[in-house]
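There are 2 protein chains.
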Amino acid sequence: MLKFFSVGEAHSLKVESILFKEKSDYQEVLVFESSTYGKVLVLDGIVQLTEKDECAYQEMIAHLPLCSIPSPKTVLVVGGGDGGVLREISRHSSVEHIDICEIDKMVIDVSKKFFPELAVGFEDPRVDLHVGDAIEFLRHAPKGKYDAIIVDSSDPVGPAQELVEKPFFETLAQALRPGGVLCNMAESMWLHTHLIEDMISICRETFKGPVHYAWASVPTYPSGVIGFLLCSTEGPPVDFLNPINPIEKLDGAYLHKRELRFYNSEMHRAAFALPSFLKREVRLL
Amino acid sequence: MLKFFSVGEAHSLKVESILFKEKSDYQEVLVFESSTYGKVLVLDGIVQLTEKDECAYQEMIAHLPLCSIPSPKTVLVVGGGDGGVLREISRHSSVEHIDICEIDKMVIDVSKKFFPELAVGFEDPRVDLHVGDAIEFLRHAPKGKYDAIIVDSSDPVGPAQELVEKPFFETLAQALRPGGVLCNMAESMWLHTHLIEDMISICRETFKGPVHYAWASVPTYPSGVIGFLLCSTEGPPVDFLNPINPIEKLDGAYLHKRELRFYNSEMHRAAFALPSFLKREVRLL
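Those protein sequence lines, which keep their order, are chains A and B.
The UniProt record's numbering puts the last residue of the first sequence at 285; the count rises by one with no breaks.
The UniProt record's numbering puts the last residue of the second sequence at 285; the count rises by one with no breaks.
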């Protein structure tokens with residue numbers, strides 16, 4: 001059993017075999033074969049994905065923003081070195097260019113070796129890979145370049161610490177076109193209400209518009225859920241709750257490489273329904 | 001740490017102190033104070049509830065059926081010895097009579113001692129407690145007596161084994177009035193798709209109408225979710241997806257004893273949105 005700790009609790013997965021364990025310049029990278037969740041990627045002791053439930057996270061974080069705007073063309077992924085988000089963006093035939101900025105090359109290499117179903121995302125010719133610091137990358141990015149930015153970062157400790165601070169969100173907002181959308185990984189509604197509240201208030205100031213919180217069930221994340229913050233820059237208004245670009249109408253040739261396992265338009269709308277305690281605690285009422 | 005095992009995984013909760021541990025006639029009953037989830041009730045090694053997240057389960061299993069019919073009057077709870085479901089039913093001022101049939105008196109006593117916020121449900125004068133076997137109880141129940149039946153059973157091992165078999169569902173259907181509704185605890189969509197498929201096919205045969213699956217996030221249940229089967233007997237059609245009896249319109253005096261923590265009408269509708277894998281695997285497409 002490998003044990004993953006949160007405050008006051010732990011989740012253990014039965015290990016069949018350890019496949020990879022090395023320290024990169026940024027973190028400890030571990031891959032193991034579990035007995036019931038398939039292969040598992042762990043960074044600094046935190047489960048990033050398992051083959052069994054990665055579909056929920058990758059599909060939601062990609063399609064929540066991309067299905068909310070008509071014909072997304074230029075997309076940036078921050079983090080996402082496993083390639084899963086790229087795989088999902090690839091389903092959108094309107095997309096012409098995908099930049100991805102991942103700081104840790106070892107994550108990419110490990111994914112290509114052990115997670116071909118995710119790393120397949122890198123094979124899309126529309127993908128332009130940048131290995132480096134996202135803040136540095138964004139400093140040189142043309143203003144208003146992107147229709148959508150997806151922040152698929154690890155938890156805000158270690159290399160991802162700056163990614164929940166105001167300057168970073170300001171940089172993201174500048175890189176988006178008017179009416180462009182941001183989807184940012186946003187922790188667990190059961191465990192991290194204070195962090196969520198902070199992120200929401202930063203995003204409200206930065207984006208000067210409504211901020212939406214959505215969530216999905218991911219069994220191997222702490223408390224079994226993960227959240228997403230969605231906001232858009234000033235410009236054509238975006239109705240996140242009613243996807244204007246429904247996945248069911250996208251070009252079938254792109255969609256059927258691998259069937260969608262989790263996301264559909266009903267799940268999209270449902271993701272924005274929030275428990276009463278969360279609405280009260282983070283003032284989303 | 002106390003460790004709760006599922007196949008190939010385990011969830012551990014940090015223990016502050018053990019408050020109660022005894023064998024009843026039916027199962028081992030354990031109560032402990034955890035460090036981050038409040039007090040925890042465990043039956044035969046399976047977490048039944050924690051103070052932190054019980055709101056999700058109790059509110060959803062009670063209000064999904066009761067908000068789907070106009071003015072429910074007579075309700076039966078099978079299991080539910082902790083009283084939490086009763087507490088939630090009590091919010092409905094239309095209800096005149098609540099039968100509850102719990103087999104294990106020790107669960108009731110333990111709840112009254114350690115979980116007053118749940119056991120408060122027993123104080124409602126509309127509640128009629130029957131300690132005994134639900135199948136035996138239903139044999140003597142008048143046909144067509146109930147507007148709604150809520151099956152809040154433990155997992156289908158030990159005393160609850162018969163509660164997922166066809167004869168039991170037939171008995172439930174007979175005890176419901178025409179157009180009456182059943183809400184039955186129905187496991188995890190991530191872990192138990194075969195069991196869910198079996199339950200759905202039994203309910204389709206028995207209730208001769210559509211069967212709906214809904215789910216909620218409950219961090220301390222295996223894979224972080226729990227499901228509910230909803231079906232109705234022949235009679236006035238029931239639209240589970242659009243609650244005719246919305247909780248927001250109920251008598252405030254009943255509602256404000258304790259604010260709803262999880263359930264609201266948006267969460268009700270959202271609960272029926274299902275991941276694509278589940279729709280395919282249990283033929284709900």
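Calculated directly from the structure, the hints in this document are not laboratory data.
Wrong hints could be hidden among the right ones.
Pairs involving identical chains hold if they fit within one copy or between any two copies, as the list cannot separate such chains.
[Stated by the list, open to error] Simulated pairs of lysine-lysine, DSS-like, Cα-Cα distance not exceeding 25 angstroms:
no. : residue 1 : residue 2
1   : K249      : K279
2   : K208      : K105
3   : K257      : K279
4   : K14       : K3
5   : K279      : K52
6   : K113      : K143
7   : K143      : K3
A quick look at each hint next to the structure:
1. K249 to K279: The answer is between: 18 angstroms across copies meets 25 angstroms, while 32 angstroms in one copy does not.
2. K208 to K105: Result: close neither inside a copy nor across copies, 35 angstroms intra and 57 angstroms inter.
3. K257 to K279: This pair counts as between: shortest inter-copy Cα distance 19 angstroms, intra-copy 38 angstroms.
4. K14 to K3: both (9 angstroms within a copy, 13 angstroms between copies)
5. K279 to K52: between (30 angstroms within a copy, 16 angstroms between copies)
6. K113 to K143: Intra 35 angstroms, inter 62 angstroms, cutoff 25 angstroms: neither.
7. K143 to K3: Neither: 44 angstroms inside a copy, 51 angstroms across copies.
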